[in-house]
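All residue numbers for the sequence shown refer to my numbering, where the first residue is 1 and numbers rise by one.
To be clear, the hints were calculated from the coordinates, so they are not data collected in a lab.
Just to be clear, a hint being listed does not mean it is correct.
Said to hold, decoys possible - Here are the simulated lysine-lysine pairs, DSS-like style, with alpha carbons at most 25 angstroms apart:
1) Lys52 x Lys139
2) Lys139 x Lys121
3) Lys90 x Lys220
4) Lys90 x Lys139
5) Lys52 x Lys220
6) Lys90 x Lys121
To be verified - Distance windows between CB atoms, simulated:
7) Glu50 x Gly71: 47 to 57 angstroms
8) Ser80 x Ala213: 38 to 48 angstroms
9) Thr233 x Ser70: 11 to 21 angstroms
10) Val134 x Glu50: 42 to 52 angstroms
11) Thr238 x Gly131: 36 to 46 angstroms
Keep in mind that this is a model prediction, so the values were computed, not measured.
Backbone N, C-alpha and C define an ideal beta-carbon position, used for all residues, glycine too.
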Amino acid sequence: MLVIAACIALLLGAGTTALALNSPGGFGIVNDLMAEPPTPDENVAKAPEEAKENSMELNASQFHGDGGYSGPWYNPADDSFWSYEWAGYKYHFNIRCEGDNIETITYEIEGERSYFEIIDKTVTQQQRAEGIHVFHYPKTVTFDYNHQESIDDTRIVEIYIGFPLSESGLEAYRRLMAEGHSYEAAAQLDAAIEEGAARELTGSVLSATATFADGSTQTKSYLIEAPDLGNPTSYTFTEIAGN
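Based on the provided sequences and hints, a complete structural model is requested.
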């Protein structure tokens with residue numbers, strides 16, 4: 001009888017230990033690891049995001065001098081076309097501003113023969129017949145911050161400059177007029193035009209004025225330069241100190 005009682009006591013003790021190991025208040029290591037993580041309280045208020053300060057930077061990384069000859073120079077100052085000795089040139093305006101809290105960007109270009117060319121695509125044939133101009137040549141142009149495309153359904157914006165042809169360019173032009181088509185003369189004229197345009201644009205100043213959501217403004221000015229006038233495939237925009 002003593003042996004049987006001892007066995008029963010041993011079994012009861014083992015059962016109690018098993019219950020302790022698997023009970024919520026016991027040593028339930030396995031169950032604790034598998035337990036669902038506590039659900040976050042959705043009613044707890046989140047910390048508000050810190051307001052960003054007004055900021056503006058010019059991004060001219062896509063401006064590579066793409067464009068081309070547009071015929072004799074049209075002088076917006078007196079609404080006249082000059083002789084073939086003067087060339088007009090258009091640069092695609094692949095420039096944008098980046099920053100915080102900006103609503104609009106206004107650009108201004110400074111240079112004796114540097115302008116913006118804005119082609120108004122909304123003008124109808126009837127309006128043209130009535131004397132409404134399609135081409136405009138201001139010194140400033142404004143973009144909405146969220147719509148900085150230079151070409152859209154309503155207008156095309158480019159930089160327009162004029163410059164005198166070099167002696168090499170004039171020689172090539174006259175040769176083409178006298179002899180007709182010549183690959184050599186055409187290449188010579190193209191090279192003279194590209195270099196002349198780069199020389200004219202170099203030294204121009206582009207200013208960008210950002211208008212922020214609070215009504216305040218910030219202006220930065222940049223000197224435009226072509227490091228290699230003989231092969232103008234890249235341009236630098238250096239911020240001018242004090243602006």
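Quiz item: Which hint numbers doesn't this structure obey?
Solution: Hint 1 is the one this structure does not satisfy, whereas the remaining hints hold.
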